[in-house]
Structure formats: C-alpha cells, structure tokens
Amino acid sequence: MENYYNPEDLLKFEEVGKDAPELAKNFFEYYGQVFAEGDLTAREKSLIALAVAHTIQCPYCIDAYTKGCLEKGSNLSEMTEALHVATAIRGGASLVHGVQMRNIAEKMSM
Amino acid sequence: MEIQNLQEGGFPDFDQTLKNHGLFLKRGETVICQINLGLLCNQVCKHCHLSAGPGRKELMDLATIHQVIQFQKKAACEVVDITGGAPEMNPHLPVLIEEMAGLTNTLMLRSNLSALYDINDPGLLDLLVKHRVTIVASLPSLNLSQTEGQRGEGVFDKSIKAIKLLNDMGYGKKDASLVLDLVSNPAGAFMPTPQAVAEKRFRRVLKDKWGIVFNRLFTFANMPLGRFETWLKKKEIFETYLKSLWEKFNPCTLDGLMCRHLISISWDGYLYDCDFNLAARLPKGNLRTHIGDLTNMNFNNQEVAVGNHCYACTAGSGFT
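Sequences listed follow chains A and B, in order. Mapping to this note's numbering: the first sequence position 74 is 66, numbers consecutive. When you read off a place in the second sequence, starting at 1, and then add 5, the result is the number in this note's numbering.
For reference, chain B alone in the conformation it holds in the complex:
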C-alpha cells in the first residue's frame, strides 16, 4: 500500500527527496537473490511488513522453486537469501537448500527461531549443517517483555533455546564456518540502537546470562508497511514515525542500499527490488515481471521502484 497524506506531516515524499538531493536510485550488479517462500508463519509479529501469520495461505510451490533454481543457475548470485514468513514452514525448503547449496557462495536462511524450535526437525537441522547454511535469526531485544510485546507470548524462551541448540550444533562460534547472525529491530516506533553498540551489549549479555554466542548482529528500523503500518495508524503516530525517518534521511546511504544489489522473488514468482517493495506491491522497476518470463538476467542501471517506506532504509546509517 502506498503511503498517503504526507503533506499533512509537512515533508516531501521519498521520490521528491531524492530529486531535491539530485539523486537517482539505480540498480548495480545483482549479487543477492532473495527468495520469499511464503507468508505462512507461526508468529504474528506487530512489526511484520508482510503481515505474515498462521492464517496466511501464500506459499511458494515446487514448480516455482524449480524456476528459481533455474534463475540462479544463470544469474549465479554470490548470496542466496531464503526468507518468509517462516521459511521452515514451507515443505519444499529441503529441496531448495539441496539444489541451491552448489549454486552459490553463501546460502542464507532467515529464521524467527521459534519456528525452528517448534518444528524441531533433525533432518532439517542436519541439512543446514551439511550445506553450511548461514542462519540469520531474529532477536529484537535482550528483554522478555520487549521481545514478546513485539513477537508474541513464549517467543523469548524459545528463541534462547533455539540459539542454544544452534550453538550445540557448532553455529555462532568465532572460528567456525557455521555462521549465526542475529537481527534486532526496535520494539516500537523508535530508531534502532547503533549496530556496533548493540552488538557489543548483546554479545556480553547473551554470554553472561545464557552462555550463548553468535557471529554478528544487525540492527534496522521497522518498516512502515503491513502490520506495523496498521499498528502505527491505530496509535495515531504513523505520520510522526514517517517524519522521524525523513528527518534522519542520509543521502550517503544510497550507494550501499541493498535494493541496488538484490533481486527479491515473491512466493508466486514475481520480481521485486527488495522484500519491502514486495510488501508494498511495488514490482521491480515498476513493471510486474514473472521469473518464468525473464529473458535478460542483467538488471544493471535499471531504476529501483521507490515508495515512502524507503525512508526506513535511508535513516541514519541506513539499512544495507
């Protein structure tokens, strides 16, 4: 959904801000292939830009997965990033991992941790280890109330247990090739803690309190789309939040934005410049294209579709 009524807040839309700074957002070399396996999820997170949840039926089918594999064979992206919803809940995930492992340098799985813990599938865990799949896991806060306020009751304990399980399997150790990265996003309508500061504290507290370790921590601002947009509007702070993102607009972030180097493939096989544009239904280059219809894999210099949610990626040090 396109964000409306911006003039009420007294600031320009994102496209205008780019023009005001004499900037253009164009694609560079595509190095990341992000695959959204569907909107089915075991959690109903208040910040979810895709409004994923247990009631969602959208799942990537096997035929589309094979089309994605064919795409990667030609595109040879350095990183393949599997996301959702909870990708663990798509029954075709093992097929995708098996096939993709030999086609990329880094195969990455985004996990909300509780799905991995609840599904408790030793076969899937062995597969992740076998193919050295990097796990990027969500842990918004070191505090139970903040985490569960955002992600639901019981999630904090499961998240800690899932990290312990991954550590036992060899994930997250300093010298190991099994990488476990964490992602922290604010438990509300405020800016994230600077990444380096948050990483230092997470590392100390997780080790001291629970004896668990990880490799890197990424922080990012919540995206004013989907369920988070609804929450902001219900609280009557949607404009205030957008304005605070606009006030922190940093033109220096543009070169490093992930949308310049990533192609996002939705559960039904359509292409987007990023997962947020998928949520906003803004197709790649504003032209709805299915992966099965692609004739040219080179997207260099094509225009990136933008909306006002893009302010979340350009605030402060940016979301790369």
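Same shape as in the complex, but just chain A:
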C-alpha cells in the first residue's frame, strides 16, 4: 500500500457491505434519504456536507461534495463561505474552552 488514501477507493465505497450486507444496506438507504430534497434542498445539504467534510478532513468527502455542490448549482463563493462556517465553529469551539482555562487558572491564582 503506497498511500492510505486512493481516489479510486471512493468508487469502491459499497464494498464495505461485503461482510455486513444488512448494515451497509441500511446505511446507504439512510444516506440516500438524508440527502434527498426535504425542507432543506439537496443543494443546501451538499453545502453542509462540504463544510463537515473539511471539519472531519475526509479527502473522499471533499472530492465528492465539491463536485456535488457544483452539480447542484452552487458556486465557489458559496462553497468557500460554507467552509468558513465550519472553520468558525471549529475555531470557536477551541476558543470557548478558554473560559474553562480561565476558571481553573483563576481558582488557582492569587
């Protein structure tokens, strides 16, 4: 194995069902339903997925949802804004723990 990540592996996703077909079937059905048009459009769901893909740093998901966003009519400006939403939440989540740090430090300090 030269690389942990190979682009071709994305197309083999369904092979994870080989040794647990029922679980895979349930997962892929659920997955399909999640991304169908609902109160949120399929385009909006793809933008959320793209942002989450960057948060979990999954190269397969970034590949799939960059293409998915474009094919659902999103543009690079919207996709970049979505990414900044994920980045802000991720950064904010670190920063807000600063309150915990301050609480502990203040308790211990004169």
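Any given hint could be a false lead.
Said to hold, decoys possible - Distance condition first, Cα-Cα at most 25 Å in a straight line; then the derived DSS-like pairs of lysine-lysine:
{"id": "1", "chain 1": "B", "residue 1": "K253", "chain 2": "A", "residue 2": "K4"}
{"id": "2", "chain 1": "B", "residue 1": "K238", "chain 2": "A", "residue 2": "K59"}
{"id": "3", "chain 1": "B", "residue 1": "K163", "chain 2": "B", "residue 2": "K238"}
{"id": "4", "chain 1": "B", "residue 1": "K253", "chain 2": "A", "residue 2": "K17"}
{"id": "5", "chain 1": "B", "residue 1": "K253", "chain 2": "A", "residue 2": "K59"}
{"id": "6", "chain 1": "B", "residue 1": "K163", "chain 2": "A", "residue 2": "K37"}
Hints are computed from structural coordinates only; laboratory data are not their basis.
Chain A is already provided as a structure; the job is to place chain B on it using the hints.
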C-alpha cells in the same frame, strides 16, 4: 473532430454502446428546422462546441437564406430554430424572421443576450415582438464569476440588463405570448443541475435580486467538441469527462433525443442531424448533402450520424 483514444479510458465508443444495448438511432418525423446563421459571435465562450467568436468569418448569405425559406415552405416544420454564433450579428436575420414568421407555428431565436444588448437595435427588437419570436437565451449561472469564467468579462451584467429589457417589452411573463426561455449549462467539466431544481432556484433568485422573470429553464451538459474539447484536453481531463458521461448513459433517453426530430442547416447550406454533428462535421446520415440539392424532404427512418460527443445528450435525463 472525431473523439479518439477512448480505449484509454476503458469504455466503448458511442456506436458500440448503442449496439451493446441493442439500440438503433433513427430519425422520426422532422418537426424542428434549426438554422445556423454563422459562427461569428461577440463572445469567446470556453464551452462553445462551434468555437464561435469575433474572428470567425462564416456567415449564411442571402442566397442560402432563400434556399432555407424554400425548404421550410415544403417541409413545414412546426418549429424554426435560429442559432449561431450570435445570429443577431448576421445582417440578413431580419429578412429570415420576416419570411419565416408565416411559415411555422413557433419561430425561435437563440441569443447569448450580450449580443442583443450590445447591438441595441430597436428595429430588430420590434421585429421580434411583432412576430412573437420565442427567445431562448443563455444564462449559465446566477453567479457572476461562474458566468464570466465561461463567457467572458462583462457578460453577466449585460445578460441581466438584456433580460430586463426583454421583460419590459413583455417577454417572459406568465400569461404573455412572448416567450423567454433560459438555458443553463455547467461552468466547467461537471454535470448540470437537474432541470426542475435549477428552474425553481433561478426563478426565485432572479426575481428577488433583479426583479426579472422568464418562462422555462433548460439545463444541459457541455458538449466535448470545439473550444470545450480543447479546454478539457488542456486541463488533461478530456477522458475523465467523457467517461463520466458514459457512466451516466441512459438508454431511455434515445426516443426523445432532438436529433431524431430536428434538421440542422449549417451557414453554408449543408444538412446535419443536429448542431453538435455540425461542429463535429458529421453530415446527416453520414452523407454530405446541400439544401439546394434536396429532392426528398422526408427523412423518416434514416440513420442518425453518431460520434462519442453523443454521450453528452444521453447522460442522465438526457438532452432533448
């Protein structure tokens, strides 16, 4: 240009795919007469299958226009579809509109919008209204960067202004007889948004942001020919793009393909099964025929000439 080296991508050519599915592509009744007035255009779009642009000299002359009119008198196609290049840049367009208006149920003009806006000819606009010419206008994206990345700087603003102008003239209203349809194609090497979904969003955003309206929106995949083929090869994604079209081959699209019901007449009067075959220089039924030499107007059951670019029309829900 015939697309080569397909085996590299590991998939069959279009003709073989038809055979693999036991399918034949034959012409039905011809209901659309599409007239390509020439390759002269004010834009140099990256996706243009005809490589049209300001430097192109090919234009349909008056003699050929009269031959086309004679053809329509006999063929009586329900729809006459005028295209280019930018058809507004052919000086004989008004003659063609005047003569064709009484010879068909629907007279259609394809416009890139910026040509209509730049030429700003009140006489032409009045003529379009007078003859209730349906306008089919290109607007690939609701986003300036995507539109101008494909069609050139300044095009987005002109397109919006041209639609406003057409709306002011009565085009695109729900209950009006002046029809304005939009066409959206991807700003890159990816598949188009499903038509119904894109139409809903275009309708909402165009109304909210610019107060403009239209009748219908059509989406289609970019055709791997001409300038788009060159662009794909430069990016080294030509095979990948073709393969993605092949993977989405849908045999159910065949019956509704426009090439079965359309005759395309090139600027120099030669016949093709569609405008894409014109770009690929694949003559109707693989036999080069000039409109002036036609003796039989019935093309029913004649074989449609195909190439690997046809994968773009048969992908997903297809291009009809």
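Item to check | Hints violated by the structure (listed by number, smallest first) | outcome: 3 and 6
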